[in-house]
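Note that the protein sequences, when read in sequence, are chains U, G and B.
Each residue of the first sequence is one higher than the one before, counting from 1 in the working numbering.
Each residue of the second sequence is one higher than the one before, counting from 250 in the working numbering.
Each residue of the third sequence is one higher than the one before, counting from 735 in the working numbering.
Treat the hints as calculated values from the structure; they're not laboratory data.
Be a bit skeptical, because a hint or two may be false.
The calculated label-pair distances, taken between Cβ atoms and stated as ranges, are [as the list claims (entries may be wrong)]:
1. G:Lys330 to B:Tyr1153: 52 to 62 Å
2. G:Gly319 to B:Lys770: 14 to 24 Å
3. U:Lys113 to G:Lys330: 40 to 50 Å
Below, a list of computed lysine to aspartate or glutamate pairs in the EDC-like style, where the Cα atoms sit at most 16 Å apart [claimed, not checked]:
4. G:Lys330 to G:Glu318
5. B:Lys1091 to G:Glu318
6. B:Lys1059 to G:Asp651
7. B:Lys1059 to G:Asp681
8. B:Lys1091 to G:Asp651
9. U:Lys5 to U:Glu59
10. B:Lys1003 to B:Asp1030
11. G:Lys678 to B:Glu1125
12. G:Lys652 to B:Asp1056
13. U:Lys139 to G:Glu695
14. B:Lys1059 to B:Glu1032
15. B:Lys972 to B:Glu998
16. B:Lys777 to B:Glu748
17. B:Lys1091 to G:Asp681
18. G:Lys678 to U:Glu89
19. G:Lys678 to B:Asp1089
20. G:Lys280 to G:Glu318
21. G:Lys669 to B:Asp1056
22. G:Lys652 to B:Asp1089
23. G:Lys634 to B:Asp1089
Everything numeric in this text was worked out from a predicted model, so none of it was measured.
Each residue gets a CB set at the ideal place from its N, CA and C atoms; glycine is no exception.
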Amino acid sequence: MLEIKNLHVEVDGKEILHGIDLSLAAGEVHAVMGPNGSGKSTLAYVLAGRDGYAVTKGEILFQGKDLAAMSPEERAREGVFLGFQYPVEIPGVSGLSFLKAAVNEVRKHRGIKELDAMEFLKFVRAKLKMLEMGDDLLKRPINVGFSGGEKKRVEVLQMAVLEPRLAIMDETDSGLDIDALKIVSSGINALRGLDRSMLVITHYQRLLGYVVPDKVHILSGGRIVRSGGKELALELEEKGYAVLGADAA
Amino acid sequence: MASSTVETLQSVIQPYKHGFVTEIENERAPKGLNEDTVRFISAKKGEPEWLLEWRLKAFRYWRDRMLPEGDPTWARVSYPKIDFQDAYYYSAPKTKAAPKSLDEVDPELLKTYEKLGIPLKEQERLQGIAVDAVFDSVSVATTYKAKLGEMGIVFCSFSEAVKSHPELVRRYLGSVVPYSDNFYATLNSAVFSDGSFVYIPPGVRCPMELSTYFRINAAETGQFERTLIVADKGSYVSYLEGCTAPMRDENQLHAAVVELVALDDATIKYSTVQNWYPGDENGKGGIYNFVTKRGACRGANSKISWTQVETGSAITWKYPSCILQGDNSVGEFYSVAVTNNRQQADTGTKMIHMGKNTRSTIVSKGISAGHGQQTYRGLVRVSPKAEGARNHTQCDSLLIGDKCGAHTVPYVEVKNRSAKVEHEATTSKISDDQLFYCRQRGLSAEDSVSMIVNGFCREVLKELPMEFAVEAQKLLGISLEGSVG
Amino acid sequence: MSATTHALHLDRFEAAKAGLPGDARARADALARYAKLGVPTPKLEAWHFTSLKPLDEAALAPSDAKVAVTAATVAGHALSTSHAHHQLVFVDGHFRADLSRIGTLPKGVVLTGWSAAKSLPKDFLAEAADAGAMRVLNAAYAADGAILEVPAGVALAAPVHLMFLGASGAAHARNRITMGEGASATVLETYVGTGRYWTNAVTDISIAAGAMLKHLKLQTEGGEAFHTAATAAHVAAKGVYDSFVLSIGGKLARNEIDAVLKGEGGRVKLEGAYLARARQHIDNTTIIDHAAAHCDSEERYRGVLDDHAYAAFQGRIVVRPDAQKTNAHQLNENLLLSDRAEIGSKPELEIHADDVKCGHGATAGEIDEQALFYLRARGIGLEQARGMLIEAFVSELIDAIADEAIRDRFTASVGGWLYDAQGARRAA
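For reference, chain U alone in the conformation it holds in the complex (with noise of 0.2 Å):
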């Protein structure tokens, strides 16, 4: 599914990720974990091709493609989804309608019908019924005046009506309480299937007790420094950054 081979970032002329080799296969769930300043952001803005995050070495393929020569959005129709670690607010922009126009443009690329207003409806409410969500946060302007939870529980949920192929969820843990956690996690667990794999970044291991990774990496100082099965982010819990080679947290 994704490919990532000695990867180098640079950001404002500065390289931050310095030789990524990364692969995910389809199904997978892997876990990226590393300490502040590890580049764990940089390495979700790059795969979902953020202006300013320069590829200098490498490349990165999705399903076969050339991911880097893409536009963000381009990459989006092909199904690459980017849960935001600080979602942005758009005032005036109904998270419904932002979701239809999102959803059919999907469609386009992928050359299958385009959803009337209706159907889009339809299509919505089953996907809002599977996580368990009532629709009063699509309805009010895109994450204005949103909480932490509700942010991030509507990035979950534009992930299940997007369906999209790799999923990167960057710190979707960050600035929840226990409840979020959970409600976030079980949608997550929710929308793993045989055809998706899931990207899951975090600082914490909390997360991966209620998403539990096929694997997981550890990113300090923009390589990745050691891989593992999910025991490696329990030994990490104990241990800390520092011990496992990993800067200090």
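Position chains G and B relative to chain U; hints supplied.
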């Protein structure tokens, strides 16, 4: 990001689609402006003596008191000096006699309005909207007149109203905007040609939207229409106004006056989508839109609500205002203005609180792109006797690109301590974060900008009647908000 | 034609000019410019809310009187001696070394009256082409004023107190403050007086890179006095201009501040409060000009108006085309205590750059009913509750003044406006 966003917005704001010229024979007043021009217009319309006298009074005031001082310079707009002798002040499509029905209207004219999306033939009429079509200086057709007449509603051209309802016209003409009001309103009072007249009798709720569609066609011709709407006690009316003009290299003057009067418990909702030709990207051509619009909430519990979407004109100079005389009366002003390329707009409102417990709301959204310069200019005045007055003003500006300007000049004058007046303004741009968020979900950069702009204007667009909202959103190149959910 | 302040200033110039120091040609030019401009009227946008007609009709001639002022009078207006400070006294615009206590200054610091200075800056009377009438009139007649120069890297620890006493005629003081790179200082201007007179002051400030000036002004002119003042501050990269103006006195008072951010990373903070009653007219007009990128400005003015008082606030923020990443915020809030008090407020934004965060706000109204009810529900009487809330409204700004002696002085002035000697609130 800035430069790509500018390009994006330029494509969002669609190229001008109404720039064609209708080939039709015109009858014009001789070029220039003097007492004879005024008499010519009045005679053409077969006006009574009192109206001619009123026009002449205005003309003399303008010529003797205003012209020597020149046109007003306080607005933040710049344009070459206007030669008022180098224009025509009256132009009308040549017809044998006034058309009695739409069947007698020149097919060229009907075609023009069809092309503009305003079918006048009743079988193709817009659902539930009565239209008065004003072509250059005259009203060419009014639909649904008979049906409205049954309810006592008068909806006709201004010239017709002078003949059919002289007492109403005489009582209210100039009662809100006096002939000596300001440079362009006074000029209008002297040479106004036509416009719409509306009277809603007591207790009547007008069952359909009334609409005037203004079209400037002739070259070198100023358009000076005059609209008067009177809502009698307990009545309600929603009125829409649309404007377009052909693309020409020279500038044309449009100096209209709109007067609204709301008596006790009456409500007038006045919506405008102004899309006069804005000139080309280098600022050549376009309409000078110098308009005086004012409503008097004369009765207790009356309400006047202005909504405007201003995307056209080379220069806009316009301040739809409310004089809140009646106790508990309400004034509202909702505005979206776009200035792109070399467009300039100095627009806003005045809310004059005179009655007790009067309330006003101002929401202004300005979008500047290219070399566009835009100023919000507003006055909120609470008079000494306006006990318990309330005002809330919100002015937001969105800047796209670094060559444009957004300016906010509010005047707040409070002479009563029980007043509560609040003014807030912000200036911002479309952030990289917002754009990236939308693109990450699969929207193109263009659609993202359009969606964000739409969201920015939402508070105002939702005030427009449905039929107009569609046109407004098309103008902004944005998909319909709220069509789902 | 009866004499007017305007006519008297034109007529007396020939006779007065010989006695005026400095560049005579610059003065003559200034007067010619003034003659052309005339007394500003509300027709000028910059004077939208204020008419100087009462000043013109007061027929005040340029002051040359040597008024007797006692040391006791000066002491009554001085800062508490328990706090170290440098004090300069001016009477009708003339420096009085005998009444001043300059004290010891750090090496290189110049602090004196213009008439006592060794040399004058060459451009001392220079006025920009768009300078207003009151500024150029000051340039024509200015005979004296304060000069403060703080060289690069020097921190002037004790505050400088410039005391201006008015007694007769028109006083045109002209002050100059120059802050070298990285220098810092605190300057307090106070204006007091008795009788009918006119203060027309100019203070020009230049703040070099990384320097900081805290500039405070306490205007408690006499009840019959006129006060017009213009401050211009130019702030270089990473410089800070921090101003606070408390206006209480005068029959008609206008304070102008024109702050220009000329280098990246500069900061301007303009704060102020105005308290007016009787038929006082107080006008605060400010311009913050963001001429460079990455600068911040913050402005907050609050007013309390009683009786027939009228206050005007005009605050303009300009962001020039290249001043990207500007942060500018402005707020004007007004409390009206009487049915006849009036406020005119014009907070203005002029933005020519897109990557900026700018906002402004203005409010006017009476004391918050809910807060009033809350206090009364706790057993506080209506009048006392009103007094507490008015005081709180103003002191929220004043409490942030860092210098203790100055803060105490401001607090006392506000207290004196609100309460009489017996501690009862002064009624409308």
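For the range 52 to 62 Å, tell me whether the beta carbons of Lys330 (chain G) and Tyr1153 (chain B) fit it or not. holds, 59 Å
Hint check: Lys330 (chain G) vs Glu318 (chain G), CA-CA at most 16 Å. Holds or violated? holds, 13 Å
Holds or violated: Lys1059 (chain B) with Asp681 (chain G), Cα cutoff 16 Å? holds, 14 Å
Going straight from one Cα to the other, do Lys652 (chain G) and Asp1056 (chain B) come out at no more than 16 Å? holds, 9 Å
Given hint Asp1030 (chain B) paired with Lys1003 (chain B) - CA-CA distance at most 16 Å: holds, 8 Å
Run the distance test for Lys777 (chain B) versus Glu748 (chain B): straight-line Cα separation, threshold 16 Å. Violated: Lys777 (chain B) and Glu748 (chain B) sit about 30 Å apart, past 16 Å.
With a cut-off of 16 Å on the C-alpha distance, tell me whether Lys652 (chain G) and Asp1089 (chain B) pass. It holds: about 11 Å lies between the C-alpha atoms, which stays within 16 Å.
Holds or violated: are the alpha carbons of Lys669 (chain G) and Asp1056 (chain B) at most 16 Å from each other? violated, 37 Å
For the pair supplied as a hint, Lys1091 (chain B) and Glu318 (chain G), is the alpha-carbon distance within the 16 Å limit? Violated: Lys1091 (chain B) and Glu318 (chain G) sit about 39 Å apart, past 16 Å.
Would you check the hint for Lys1059 (chain B) and Glu1032 (chain B), treating anything up to 16 Å between C-alpha atoms as holding? holds, 14 Å
Given a hinted range of 40 to 50 Å, is it respected by the beta-carbon distance of Lys113 (chain U) and Lys330 (chain G)? For Lys330 (chain G) against Lys113 (chain U), whose Cβ atoms are near 59 Å apart, the range 40 to 50 Å is violated.
For the pair we were handed, Lys5 (chain U) and Glu59 (chain U), check the Cα-Cα distance against 16 Å. Holds, at about 5 Å.
Against the hints set out earlier in the document, violations occur for numbers 3, 5, 11, 13, 16, 20, 21, 23.
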